[in-house]
Amino acid sequence: MTAHEIEEYLAPMRHEFADPRSLILPALKFAQGESGWLPAEDMAAVAEATGFSQAYVESVATFYDRLYIEPVGRRVINVCVTLSCMLRGSDEIFDHLTDYLGLDGEGTTEDGMFTLAKVQCIGACDRAPCLQIDSGEQIGPLEPADATCLVDDLREQPAPARYER
Amino acid sequence: MAEHDDGLIVLTINGREVRAPKGTMLVDAAKAAGIEIPIFCYEPRLGAPIGACRMCLVEVEGMRGLQTACSTPVAPDMVVNTESEVAKDAQDGVLELLLANHPLDCPVCDKGGECPLQDRTFRFGPGRTRSLEPKLHFPKPLDLSPLVALDRERCIACFRCVRFSQEVAEDGQLTFQERGDHTEIATFSGDPYEGRFTGNTIDLCPVGALTSNPYRFVSRPWDIKNTPSVCAGCSMGCNLEITEREGEVKRLTGRPEPNMAVEEGWICDRGRWGYPALRSADRLQAPVLADAVGRRNVPLERAVTEASGLLGARGARVGILLGDAVTVETGFLAGELADRVGGGTPAMVARTGIPGHGLGPIRALPGAQMDDIDGADVVLVVGGDPCTQQPVAELRIRKARRAGAHVAVIGPRPTALDASCEALRTTPGHLLDAAAVINERLQGSQRAVVLWDEADLAAEPAAAEAIARVVAATPGARAVEMCADVSGAGLRALGIPAAGDLLGALEAGDIDILLTIGTDPTTGPAGDRWAAAADRAGTIIEMATHRTGLTDRAALVLPMLAPLEDEGVLVSMTGRAQRLRPGAREAAGAAAAWELIVGITHRIGNPVPDRTPAQAFRRLAEQHAAFAGLDYRAIGREGAVIAAVPQDPGSPAREPVGDGLLIVPCAPVFGDAVAHRSDALEAVREPSRAALAPAEAERLGVRTDARVRVTTPEGTAVLPLEIDSRLHEGAVYLMVGDPSSGAARLLPEDRGPVRAVVSAAAREEVGA
Amino acid sequence: MPQVNSVYRHREFGAPLTTLADYERAGGYLGLKDALALTPDDALYAFHRSGLRGRGGAGFPMGRKASFLPKDTGRPTYIVCNADESEPGTFKDREIIERNPFQLIEGLTIAAHAVECERAYIYIRGEYEAQAKVLDAALAEARGAGRLGPDALGEGRPFDITLYRGAGAYICGEETALLESLEGKRGQPRLKPPFPAVAGLYGCPTLINNVETLAALPPIMHRGPDWYGSMGPEKSPGTKIFSVSGHVLRPGNYEVVLGETTLRELIFTMAGGLRPGRHVKAVWPGGSSVPVIGEGSLDVPLDYESLNGVGTFLGSGGCIVMDDSECIVRACHRLAQFYRHESCGKCTPCREGTGWLARILGRMVAGEGRGAEDIRMLESLFGRISGRTLCALADGAVMPVQSALELFPEEFAHVAEHGSPAPAPMMGEPVG
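Residue numbers (the numbering used here), protein chains in the order written: chain W, 1 to 165; chain P, 1 to 768; chain D, 1 to 432.
Hints listed in this document are in silico derivations from the structure and should not be mistaken for laboratory results. These figures come from a predicted structure and were not determined experimentally. Please note that a few of the clues may not be correct.
Calculated cross-link-like contacts (lysine-lysine; reagent style DSBU-like; alpha-carbon spacing at most 35 Å) [what the hints assert, rightly or not]:
#1 Lys192/D - Lys88/P
#2 Lys135/P - Lys192/D
#3 Lys399/P - Lys71/D
#4 Lys118/W - Lys133/D
#5 Lys399/P - Lys22/P
#6 Lys185/D - Lys31/P
#7 Lys235/D - Lys71/D
#8 Lys118/W - Lys192/D
#9 Lys88/P - Lys118/W
#10 Lys140/P - Lys118/W
#11 Lys185/D - Lys118/W
#12 Lys185/D - Lys88/P
#13 Lys140/P - Lys399/P
#14 Lys140/P - Lys185/D
#15 Lys185/D - Lys399/P
#16 Lys71/D - Lys22/P
#17 Lys192/D - Lys399/P
#18 Lys192/D - Lys22/P
#19 Lys185/D - Lys135/P
#20 Lys192/D - Lys31/P
#21 Lys133/D - Lys192/D
#22 Lys185/D - Lys22/P
Some but not every residue of chain D turned toward chain W, in silico, with C-beta under 7 Å [as the list claims (entries may be wrong)]:
#23 Glu85
#24 Pro88
#25 Gly89
#26 Tyr202
#27 Ser245
#28 Gly246
#29 Leu249
#30 Pro251
#31 Ser288
#32 Met322
#33 Ala331
#34 Arg334
#35 Phe338
#36 His341
#37 Ala424
#38 Met426
The beta carbon of each residue, even a glycine, is placed where N, CA and C say it ideally should be.
Please take these sequences and the hints and turn them into a complete structure.
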C-alpha cells in the first residue's frame, strides 16, 4: 500500500475532520485491508499520507485490538469468551476449534489460513456463544460442530478482496 | 479573606495556612509551603498535567473522592489534607500497585539510590511487598539508542519520556505501544531513538527504565559527588550537573533545579555526552619543554618558570591568542599578563572569533533572555541554525510556537524547525532581502523576540543594520544574538579584539612569542595561515587541553583544565554571566589557565593580586563597565545579566574573497572537536562535508557518493558530498565537523564571506 | 409489564426499517418536523422536560447535559454519538443500528437543531462492521434525500453525519477516550475538567450521547415530552431497552417502560426464564460493570432509583443472568480478565490493579488459592483500585467482583481453598 493510495482514499473525507490526526485510524484500517495486517511499510505509508510520525502511527495502531502489526491468517476467527458467552459454552467452542485447527491455543495455522483468537464481548450476547470472522456478522448461537462446519466453509472460500478486520 | 490583598489565594493544607498565586496547582502550593506531595507523572515542563500516575491523590474537603494535587488548582478557603488516613492509603496503594510488576532490582539498577520510585516508596509506600503473583517480563535491557538503554520491566508508564519526545523535542519518535499492563515505551518498528535531546528522557525518568548507556554500572550514588556547572559546548550556557567519581567526570545531567531563564533543565546530547573527551588519547597530561636539551616532560612548576622566563624577557614582543570557551577571568588575567611581559613591551591580546564590525546597531537592540521567548507573540530566527548550533534554543522556540507565537525561520539553511514553523529560505549572501519580510512579520507584534546569528550578520553588515532598524522600530521587540563562540560575549565585554591584527602582526614578523590559551588556530578558519604565521614567531607557548597543530612546534606546552574542570565565569549569548564549578580534574599535570597566568606573573616578579577566580572577577568588575556591580557570589546558580557594551563602528563590509560558489558555513555542535573526541558520541557526531543543491551538483558533475575538492583562497579540502534538495543553488554549504578534515580551515580568518571552487575529487584524493 | 417499542419502532412496525421510505411510512421524521417548528432553545427545553436520561450507562439527564454547551463561542459545536457499544452483556444499540438506523439519524438531526450543530460523528465500534455498513447505506440514503446535507435543518442550515469506525477497544466507550480516539489518538481518557460540553472534540463544545438516547428523541419530539415524561417514575421516565443474556432461554432485547417491570418479569416472562430446575444465582442488571445482585433482589422494579436501592445500577441495561450451575468465582475471573485486557494503561491503579485481581482470581479458580489470605488481599485491593482513577473502568472492574464476594462469601472462601468445580455451561439450548 503506497502513501499515494492512502491519500486518495482519504481525500474525500478530509474536510469532515478539523484535525488531520483523525485520518490516522481510517487510514490504518484502509491500509490493513490490503494484506490483512499492517507491515511497517504500510504504517510508514499511513504516516506519510497523514503527516504524522511513523512512531505515532504505530503507537495508535497498537492500542487497538483489531489492528494487527504481526501477520495473521487469511481469516481471523474471533471467538468471544466474555461472561455471557462463557456461560453458554464459548470455551468449549474455542477448545474445539483449537483441536480442529491443530493449534495450541490462540495462534495462526501453519498453512497461514486461519488465526484463532479469543476476543472480548462483541455485542452479540443474544447469540451466545458466538464468533465473528474478521469483523463480519456475529455468528451464533453455535455448537462445537457448527464452528467446525464454518471453518470448512471458509476454507473453500477465496481470500477476501479486501480484509475487514 | 480568601483572596488576599497581595492577590494570593489562601487555603489550608494539613491544617496550615498556605498562600499561592491563582492557578497554582495544589502540589506546587504544598511544595512552596514545605509539604511534599509525592508525584511521578507531574512535570510542568512537559505541558499541562495529565493526572495519570495517581500518586498525588489528596483529600479536599467538600470534593467527592480523592483529587490529584497535580491537576487541582488552589481555590479560596480550600481545605486540603495530604496526610489523612484516606490520602495516605491512596499513596501507599498507588506505590504498592506501581511495584506490583516492578522487578525491585534496585541493587543492580543504575537509578538505585537516586530513584524517585525508591525514595517515595520509603517515604510514602508499603513497608513490605504483599504481591506474590508472578510479574510481567519483557526482554531487557534494550538499546533505545546507542546512548539510552530501556528496561521495560522497570517502567511505570508515567508518560514523561513520551511527552518529552512528542511535546517538547517534537521529534515524534518515542511513544507508547500496546495498552494496559502491556503498555511499553517504543520507537517505530524498533528503530533507534535519534535526536539531539534524547538524554533528557533519562533525567525525566522517575525509575530506572531509561538509563545512560555510557554510565551503565559506572558508579553508585553514594560514591559520587555532584557539582552544578555550566556547559561550555555552545553559547547557550545551559546549566548542568557534573557527576564525579574517583577524580573523573562520570556523567553529566540536566540540573535538578533548572535555570528556567536559560535551559529549563534540558541539555543536548552533545553537552551531555561530551565528557569522555576529557580523557581522550590526545589529552595533554604533562607539561612539555623543548629546548636545546631536547623535548621532554617537565614538572608544572618548572614549566611555569620557563614560561615566565620566555615571556618576561626584556623586549620580547608577545602575542596572546585566547581561544573559545575560556572564562572571563582568564581573559582578564591574560590582559594583566600582557602588561607584565616583555619587560615593559605590552603584549597584543586577541580572541579567536568574529570581529563583528558593523554589528553595533543590532547589538544595541534591547536584549532578551531565553525565557522571554516563552511569552513572545512573534519569534524570528534570522540566519544561523539554532537547532544545530545552540540546540537547546530550539526547544524554547518550539515551546513558544506551541503557546501560539508565530515563528519564522529566515536564512539560507534548512533547519529542523522548518516543518513546524514558517520557513523563509533566503538566497545565500542576501539576508538584506529579508529585512522587508521581517518588518512584515513584526507588524502588530508586542512582544517579539528576534534571534539573529552573529556569523551570518557579521558577514552581511548591511543586513544587520537594516534588520536592526526594523526591530528597533517595533515596540516591545527584543533581540538575542546567537553567538558563534562560547566565550565570545564575555571576551568582547572585556574589550578583547578579534585576532585579525594579531595574525597580521605575526605574519609581518612583529611577534616573537605566541602564547595560545585554549585554542588550536591551525584547525580553525585560515588554519594554514595561522600555522605559517605561528612559525614566524620564534617561540610558541601553548596552554591547551588537548594536542593541537602547534603542540609539536611549541617551546613549551602547558596542559590546561577543560571547562568541566575549571572555575570561573562564562557569559552566555544572552549576556548571562554564569559560573563554572570544577567537577573533577582528569589531567594530573594540568592547571587552570588562570592559575598558570597567575603563576607566570609571580615568576616574572610582577604578580597580579588575585589568587582565585573570585578575586579576579572582583577586579574585572571594577574595571569593566559590562560587569560593573556584579558579584561573583551573587551570580550564584541563576547567573546575572551583564550590561551591554558600546560597539566600535568598525570597518565596512568587504566583498567575498575567492571565486566560485559562495560558502554557507554550518558549524553544528555535534561536529565540534569535543564531539569527535568523545567516544560516547561516535554514533551521533557530524562529519565534515560539502552539501549542494541537486542542480548545482549536476552542473558540477558530482554524485552523492562522491568526494569533492573544495578550494578557497585559504586552501583546499577534500570532503564527502551531500546532495540536498532543500539547499540553494549557487552556494556550497560547508558542514564543519571533524577538525582534522580541514573544512574549517577553508574559511577566512574573520569568518567573513568567501567563495569556493568545487570539483569532483581526483581518484587518489578519494582514498584520503 | 408494559413493553413499549418507542425506540424499537421496527418492532412496532413488524419489520426492519432500513429504507427511508419504510421509516417514513412507520412515522419516521415526524419528530424532526415537530422539532424544527420549535426554536433551538425550545427543542432543548423539550429534551429537558421529557426527563430523558443518558442510556449509555451513567444515566445523566440528557437535556441538562445538552444545556451545558456554551453558545456563540465562535467555534463549531459538535455532537458525537457513542455507538461503541462494548459493555459486556449489552447489544441494544446494535439492533437500533441494524434495524432502525434512520431513527438514530433523525435523533441526531433533532439534537443538531437544538444545539445548533453542523456536524455530528457516530463512533461505532470496529466489531460492528456489518452494522456500520447498514448505517453507511442509511446515511447515504438520507443524504440523497436531503435529510442530511446543506439544508438538513431547513432554511439553509446544513447538517451532516460522519461515521467513524473504531478498531477494538472497550475503553473508547468512555466519552473522553472516545474523543481521543476520534481525534486520531490512543483512546485514553482525559483529565476532567474541562468536560466535553465545554472542550470536547478538537477542543470545541461537544454533546456526547449514546445511540439509544438519541434514538429516543424522535418520538419525544413527535408525541411530546410530556407523553414521554408520563411513562414510568418521575425521576426515571420513559422506556429503556434491556439486553438479556446468559442462562436464559430467550436472550434478546426488551424495551420496557421504566419502573413498571421487575427484574423477575424481565428474566422470566420476557426472556423465557431458566432451564428447568435451575435458580437465578446472580444477575448483573446493567452490564458487567455494575454490582451483582442475587435471587433475593429479583422483584426490584427496573428503573434507576430502584436498582440503586438494591445496591446496583441500571447502567447500560445489559442484563447478564447466571444460574446456579456456574461458579461465581469463575464468572468473576472471566470479568477480571476482560477488564485487564481493556484497561488503557494510563492510571496506575487500573493498569496494575486489574491484572492483579485477575491473577488472584485465576489462581483461586485453578485450585492454587491461598485461602483466607487471598480473600483478604482481594478485599484490600478493591479500595486501592476503585475511586482512584480518571475514568470508571477501574470501578467497573472492582464492583462486580466486590459485590460478588459480599454476596457469596462462602463460595469464595471455598474456591480459595479448593478451586472451582469443572464448568458446565449451558449449551445447545433452544434460543427463542
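We went through each hint and held it up to the structure:
no.: 1; hint: Lys192/D - Lys88/P; result: 23 Å, holds
no.: 2; hint: Lys135/P - Lys192/D; result: 32 Å, holds
no.: 3; hint: Lys399/P - Lys71/D; result: 31 Å, holds
no.: 4; hint: Lys118/W - Lys133/D; result: 24 Å, holds
no.: 5; hint: Lys399/P - Lys22/P; result: 22 Å, holds
no.: 6; hint: Lys185/D - Lys31/P; result: 33 Å, holds
no.: 7; hint: Lys235/D - Lys71/D; result: 28 Å, holds
no.: 8; hint: Lys118/W - Lys192/D; result: 34 Å, holds
no.: 9; hint: Lys88/P - Lys118/W; result: 40 Å, violated
no.: 10; hint: Lys140/P - Lys118/W; result: 28 Å, holds
no.: 11; hint: Lys185/D - Lys118/W; result: 25 Å, holds
no.: 12; hint: Lys185/D - Lys88/P; result: 34 Å, holds
no.: 13; hint: Lys140/P - Lys399/P; result: 34 Å, holds
no.: 14; hint: Lys140/P - Lys185/D; result: 28 Å, holds
no.: 15; hint: Lys185/D - Lys399/P; result: 21 Å, holds
no.: 16; hint: Lys71/D - Lys22/P; result: 27 Å, holds
no.: 17; hint: Lys192/D - Lys399/P; result: 24 Å, holds
no.: 18; hint: Lys192/D - Lys22/P; result: 19 Å, holds
no.: 19; hint: Lys185/D - Lys135/P; result: 29 Å, holds
no.: 20; hint: Lys192/D - Lys31/P; result: 23 Å, holds
no.: 21; hint: Lys133/D - Lys192/D; result: 34 Å, holds
no.: 22; hint: Lys185/D - Lys22/P; result: 32 Å, holds
no.: 23; hint: Glu85; result: 5 Å, holds
no.: 24; hint: Pro88; result: 4 Å, holds
no.: 25; hint: Gly89; result: 5 Å, holds
no.: 26; hint: Tyr202; result: 4 Å, holds
no.: 27; hint: Ser245; result: 3 Å, holds
no.: 28; hint: Gly246; result: 5 Å, holds
no.: 29; hint: Leu249; result: 11 Å, violated
no.: 30; hint: Pro251; result: 4 Å, holds
no.: 31; hint: Ser288; result: 6 Å, holds
no.: 32; hint: Met322; result: 6 Å, holds
no.: 33; hint: Ala331; result: 6 Å, holds
no.: 34; hint: Arg334; result: 5 Å, holds
no.: 35; hint: Phe338; result: 5 Å, holds
no.: 36; hint: His341; result: 6 Å, holds
no.: 37; hint: Ala424; result: 9 Å, violated
no.: 38; hint: Met426; result: 5 Å, holds
In this structure, the hints that do not hold are numbers 9, 29, 37, in rising order.
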